Amino acid sequence: MKMGKIKTLLKSGVLLDLYFFKNNKGNFIAMLIWPYLMLGLVVGMGFLFGSPSTFKKNIGFNIDPIAYFIASTVVMMASISVMWEVCGNVLFLRWLGALPYVIVAPHRMSIILVLSYVPRYLFYTFIQVVEFLPLLVLLEGVTAGIVKTLIMLLAVTVGMLPLLGFSALFASLLLIIKEESNVLNWLNPIILIFSGALYPTSLMPYWMWLVSRVLPTTYTVELARTIALIGSPELAPIMFLIGILMGLAVVYNILSYMLIGAGEKSAMKRGII
Amino acid sequence: MLSRFKAIVWLHFLRLWRYRLSFIGLTLSEVLWILLFILAILLFTPREYLDLACRNAFWIILCWSLIQMNSMIVGSWMNFFISMGMVEEHLIRGISPFKVILGRIIPSSTVSLLSTLLIAIILSSTFKVDVLLIQFPLLVLIGLVFIIIESLSYGLSIASLSIRTGIPHNFLEILNFMVIGILTISVESMRPPLSYLLLLIPYAAPSQLIKMGISGREYMFIESLTMSIVVATAMVLMALYLVNHAKSWLLKNGVRAIGRM
Chain P
-8 MKMGKIKTLL KSGVLLDLYF FKNNKGNFIA MLIWPYLMLG LVVGMGFLFG SPSTFKKNIG
52 FNIDPIAYFI ASTVVMMASI SVMWEVCGNV LFLRWLGALP YVIVAPHRMS IILVLSYVPR
112 YLFYTFIQVV EFLPLLVLLE GVTAGIVKTL IMLLAVTVGM LPLLGFSALF ASLLLIIKEE
172 SNVLNWLNPI ILIFSGALYP TSLMPYWMWL VSRVLPTTYT VELARTIALI GSPELAPIMF
232 LIGILMGLAV VYNILSYMLI GAGEKSAMKR GII
Chain B
60 MLSRFKAIVW LHFLRLWRYR LSFIGLTLSE VLWILLFILA ILLFTPREYL DLACRNAFWI
120 ILCWSLIQMN SMIVGSWMNF FISMGMVEEH LIRGISPFKV ILGRIIPSST VSLLSTLLIA
180 IILSSTFKVD VLLIQFPLLV LIGLVFIIIE SLSYGLSIAS LSIRTGIPHN FLEILNFMVI
240 GILTISVESM RPPLSYLLLL IPYAAPSQLI KMGISGREYM FIESLTMSIV VATAMVLMAL
300 YLVNHAKSWL LKNGVRAIGR M
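Chains as they are written, first to last, in the working numbering: chain P, -8 to 264; chain B, 60 to 320.
Because the hints were derived from the structure by calculation, they are not lab data. Careful: at least some of the hints might be erroneous.
No farther apart than 35 Å at their CA atoms in a straight line, the calculated lysine-lysine pairs in the DSBU-like style are these [claimed, not checked]:
#	chain 1	residue 1	chain 2	residue 2
1	B	K187	B	K306
2	P	K16	B	K65
3	B	K187	P	K47
4	B	K65	B	K187
5	B	K65	B	K311
6	P	K16	B	K158
7	P	K(-2)	P	K16
8	B	K306	P	K16
9	P	K260	P	K47
10	B	K306	P	K13
11	P	K260	P	K2
12	P	K(-2)	P	K260
13	P	K256	P	K(-4)
14	P	K260	P	K48
15	B	K306	P	K48
Not the full set, but computed from the structure, chain P residues with beta-carbon under 10 Å of chain B [unchecked claim]:
#	residue
16	V34
17	I137
18	V138
19	L183
Keep in mind the model is a prediction, meaning the values are calculated, not measured. Virtual Cβ for every residue (Gly too), placed ideally from N, Cα, C.
Please put together the full structure from these sequences, using the hints given.
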């Protein structure tokens, strides 16, 4: 694909979001409030039914529960966004009646789904990570707060690469099966449970732990969660997790590129709309 | 009158059956989300208090699920009803669209009931905690009835307001999320007159009745029951006023459906 075409797709993604926020200010405010509400719910109810010391004992590490759940919240919001925006876009396009036009467009559908979404993802996650900066600075001090915010940004950016392929893979399945909204509704929480988004995978039964190893979100959560460890985060585990995420990105993106073609063919064969 | 009531009930049962996969999907996603949060909350709990924490978290989240379902499934349906052109269809046949919308209690309570049962089964098998073990079942039942009345009134109020103005879906969800805060605050931790003020907040008094029913420990029982009746009555009256107002506005100005979808 030519560079100019990629640039056009990326530009369309950027403009779409800028105008969306311009015309939907309420939505923008809601987007800012949501992560704090999720964090408040878990930490608030956790402190009500127990204590931070019990939390550390149960997890088995000397970690700060608030930073732990900030990382969880950020990754949860990011992965929900990718799954709905890439995977759910097929559904949205079908509702709009625009799916046949997208399928017959000159670009491959997987490329359109992924490239038009990348600017939005970066924009949204940047805002959602940075909005926790004041809280992290308050908890950890200025330098540590900024370093940990940067680690979270790195986690959600690198974590996006395999997740895009993973979501496009599901998008191809959604093109093949019917009742896609039902699947997507429960697919998101199930992936988050298996990824250890709120409850660590180390405390899960062995079979759940095994499933968690093939999900890209597991490593994104683990990478983001290095900020919760009290003291400076170490470079070696961060690099190790980045390596795994890059490997998964290659695997999932190649798979999705191959399989979305099959999904498109099946959709066209059945008349899809 | 009875045949209209039967028709409304029939309509919602029929829709529930036809969209059974959607409702099962909704129930599953509800269960998984609730479970995700319960698991996180239980990370803070010492093993010796796991039983009590599990039961309390379960009942709080059940109340929230009822409130959320009634406001979303009942309240948010007006937009869909208007977009389908169904409001005018019912008005010219002399049937209040709000009565049809009230029938949405059938799918909303089915989803809540199914998800509650599923969560109870999962928690019982995973943590060996019988979340349905309660000291005074009658108190829990009374509390739940008040929660349902208050949340249905809230749902109907939203439906009436959405006739004239758009209700942002996101803010509705945020408001429902905040309700969890109200449900978790304990009246016992406050002194009068603050405790009385807390009981005046919607859902606070019925949730106090439920907490008493679970623990078997009575605290401000008469006050909680009285406030439940007062708040529920006020919310029902407000919903009726808004419904009547919206109906007369509709007959005078017609339905504005353009730009909704």
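TODO: Would you pick out the hints that fail for this structure and give their numbers low to high?
DONE: 1, 2, 4, 9, 14, 15, 17 and 18
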